[in-house]
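Protein sequences, first through last, are from chains R and S. With the UniProt record's numbering, the residue at position 101 of the first sequence is 101, and numbering never jumps. With the UniProt record's numbering, the residue at position 591 of the second sequence is 591, and numbering never jumps.
None of these hints come from the bench; they were simulated from the model. Heads up, some of the hints might be wrong.
Some, not all, of what chain R presents toward chain S, calculated at C-beta under 8 Å [what the hints assert, rightly or not]: (1) A16; (2) I37; (3) F91; (4) F98.
From the derived model, a few chain R residues whose C-beta atoms are all more than 10 Å from chain S [unchecked claim]: (5) T7; (6) R11; (7) L18; (8) Y23; (9) T56; (10) M74; (11) P83; (12) L92.
For each residue, glycine too, the CB sits at the ideal point set by N, CA and C.
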Amino acid sequence: MSSLILTTTSRLILPAALIFSIYVLLRGHNEPGGGFIGGLIAAAGIAVHAIPRGRTGLIALLRVWPKALIGAGMLLGIAAGIPALLLAEPFLTQQWPFASLPIGTTLVFDVGVYLVVIGSVLTFLSYYLEN
Amino acid sequence: MTLLALIAFPFLLAPFAGWAGGRSSPLVAAVPLLLFIGFAAMMPYVSADAIVHETHRWIPSLDIRAAFRLDGLSLTFALLISGIGTAVFLYASAYLKGAPRLARFYTVLTLFMASMLGAVMADDLMLLVVFWEMTSLTSFLLIGYTPEAAASRRSAQQGFLITVSGGLAMLAGVILLGTAAGTFSITEILDQREAIAAHPAAPAIIILLAAGAFAKSAQAPLHSWLANAMVAPTPVSAFLHSATMVKLGVYLLARMDPIFSDTGLWITLLTLFGAATMLVGATLAMRETDLKRVLAYSTIVSLGTLTMMIGIPGELAAVATVTFLIVHALYKACLFMVAGIVDHETGTRDSSKLGGLRHYMPKTALVALAGGLSMAGLPPFIGFASKELVYETSLETSGWWLVVAAALLANIAMVVVAAIVAIRCFAGEQTSTPKTPHDPGFAMLGGPAVLALLGLVFGAAPGLVGESLIVPAASAVAGYPVDYSLSLWHGFTPMLALSLLTLALGAFVFLRWDSIRPRLAGISQIDSWGPDRLYDRAMDGLQRMSTWQTQLIQSGSLRGYVARTLLVISVAGLATLLIRGGFEMPSFAGALTPDVTLAVLLVIGALAVARARNFVAGIVAAGLVGFTVALLFLVRGAPDLAFTQFSVEALAIVIMLAIVGRMPFRERDYRPSRERVRDIGIACLIGVTATLIMLAVLAQPFDPRLSDYFRMTSVPEAHGRNLVNVILVDFRAIDTLGEIIVLGLAAVAAAAVLAGLRRATSEKRP
């Protein structure tokens with residue numbers, strides 16, 4: 001669907017949606033937000049960008065097939081659990097390596113969720129886009 | 001750590017094997033060779049009453065441990081696996097030179113070897129099951145080495161389905177056994193063997209474990225997959241389907257033998273199935289001309305012999321079992337590789353087209369002769385000692401005539417098969433073959449030559465293998481330290497008379513081979529009613545049933561699926577409420593707040609959905625419901641849920657925008673009024689069900705323990721103030737991991753369906 005209005009506005013919507021989605025992803029641990037919501041917002045932004053530009057536009061933007069995002073997200077989700085195994089704790093016991101800084105394996109995990117959500121929505125959507 | 005290291009070693013080196021094997025480098029044989037050296041170094045620590053134990057944590061919550069045990073039986077298997085593995089890997093590096101997919105082949109072969117070693121060293125039944133199934137899986141991949149060929153696919157599937165079905169029975173047996181014993185540790189189970197043998201579940205355990213072992217070790221009537229597995233490359237046949245994997249069933253029986261050796265059911269089951277397998281294998285072997293299939297049926301005979309020997313109680317039977325196990329592995333792997341050399345060099349392995357090869361390949365002829373003599377059980381080869389032991393055991397059993405008859409028949413078949421492979425192809429007139437043969441290089445001939453030579457060395461000096469391996473292994477099978485001195489010559493005994501009779505009858509059959517074989521091959525009932533055909537019929541039946549069931553359930557109408565799903569939920573929910581007396585009314589005190597106006601909006605939205613004349617109106621109305629729910633979440637103090645709901649609604653609008661051109665949005669509702677009434681009924685039913693359940697839930701007093709716990713621990717333990725997110729990524733992270741995997745897989749599955757639809761529509765358009 002080529003539409004001048006959509007093509008023009010999506011140029012503004014995409015960066016706004018992506019920045020907002022990352023903001024939501026990062027603040028999720030303390031304020032409303034998180035990987036799932038962030039992923040939905042990013043997916044909506046990318047979808048708005050892709051609809052007037054078709055499948056080729058989507059791939060040009062992502063540089064990979066959306067399916068790859070699903071795989072990458074799942075791997076990150078699993079990877080977040082590995083440090084616990086190395087410390088002989090149950091799988092996915094989240095670790096906080098910095099005493100002063102509240103950054104831990106949860107962030108890796110949440111990024112995984114974020115990527116799976118984006119990948120799933122876009123995988124589904126990509127089959128409805130024009131070539 | 002030693003045992004764990006020995007098992008981890010091949011798993012870790014599988015990529016190296018894939019790399020080296022992919023370039024057909026003989027270096028690939030270093031992996032099994034190093035393992036062999038490692039296990040040989042363990043020999044001083046293992047004897048009739050010394051066992052190496054090692055335990056690691058695995059799943060403590062289920063009391064399942066990564067426990068390993070190296071006793072005589074495990075060590076014998078481990079040495080056979082790694083030793084024959086060395087010969088086979090070296091052989092394959094020359095035999096498969098230039099073949100496709102070699103990297104994958106060697107990786108899988110190494111993984112197989114690793115799983116096999118794990119299986120025979122596992123001291124935990126669950127660990128044994130895991131490794132057992134891994135050998136089935138790798139065997140499937142190796143039989144299906146040429147996936148382009150239909151025969152290869154069928155054989156791979158057949159072998160997999162039969163061994164895995166057996167594995168399922170075995171898993172049930174293992175769970176029963178573990179429950180009866182109160183532990184999954186094999187050592188602890190063996191320690192309380194009397195109690196288990198007397199347990200009421202013992203017959204069920206015996207039947208289930210035997211079913212698993214019989215499927216894996218190709219006992220009649222589950223034998224046909226083994227002959228069909230011969231479509232795999234010869235190194236696979238020599239390694240998996242003669243020397244190692246098919247012996248895993250025998251291993252399980254031998255491992256469990258101390259528990260059940262005096263149980264009538266165990267003795268009867270093993271003796272009868274073993275004898276039947278020997279009979280079936282011997283008959284089928286006599287019908288074939290393909291060298292590999294002849295050898296495969298003789299393997300079935302041997303597996304039957306081993307099963308029967310395990311079924312017979314007593315320490316002599318244990319010694320006979322272990323001796324024959326070693327002897328068989330040595331000569332059978334050797335002869336398989338010889339058959340492969342013949343096939344590789346001449347271009348055919350049809351024994352009726354081969355002869356006089358000794359002129360072209362004298363060294364191979366010598367190796368074949370040495371292997372064949374051990375198989376036929378002639379002195380001074382170790383095969384002679386093993387055959388005498390089998391006869392001696394058979395003569396000592398009650399009901400000996402059946403056992404002796406089976407043993408005699410099996411050994412005659414061995415003599416004939418040995419003569420077909422070792423004499424018929426190499427002696428006599430020269431025949432023209434598709435290729436002019438000559439002796440292969442060291443890589444291909446070295447392994448079989450060493451195996452054949454070992455048969456001679458062990459025969460000349462039985463003490464070499466007797467003290468170090470056979471007695472410790474026989475002690476493990478018997479369950480108590482066995483005292484036995486292996487010797488080649490027993491003097492003039494009834495066993496010697498039976499041996500002479502075997503040779504005479506074997507020679508007679510071999511000389512009449514050309515008239516006996518076609519007569520046996522002409523029995524068409526074996527082909528049309530044998531288990532192989534029955535397997536095909538069962539598979540056809542399975543497919544017809546799934547076609548029928550799919551037609552019944554999958555109508556293809558989305559509305560039909562939704563209607564049925566909602567009906568089932570409603571009936572199940574209402575029935576539960578009715579039976580449990582769950583109809584309750586909460587108190588509505590304090591419910592009248594300004595938020596109620598949102599509920600009014602919700603009702604209006606829902607009514608609008610129901611009244612919508614086409615999809616666009618319906619979607620807009622449903623959006624109204626969604627946003628109102630989100631607002632409700634917001635004012636009720638669940639900003640996270642509201643946020644998610646808003647995002648979902650926004651995304652839904654975007655997706656609608658994308659697919660607006662592809663959906664019948666403008667179409668009017670076409671349902672006839674009868675269907676509309678039915679749909680209204682279903683909608684009302686699910687609405688009433690949901691309302692009643694919500695009322696019942698609200699009537700319960702709120703239990704704050706869980707939310708208090710999360711509120712208390714969220715910041716100190718998970719460093720986050722957003723409870724919802726902390727639960728998602730920390731407290732319940734494994735649930736979330738499962739959810740994102742489901743989400744991703746659903747998207748990939750939907751992609752597969754949509755890709756098919758897209759192709760179908762684009763093909764239709766010009």
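* Looking back at the hints listed earlier, which ones does the structure fail to meet? -> 1, 4, 10 and 12
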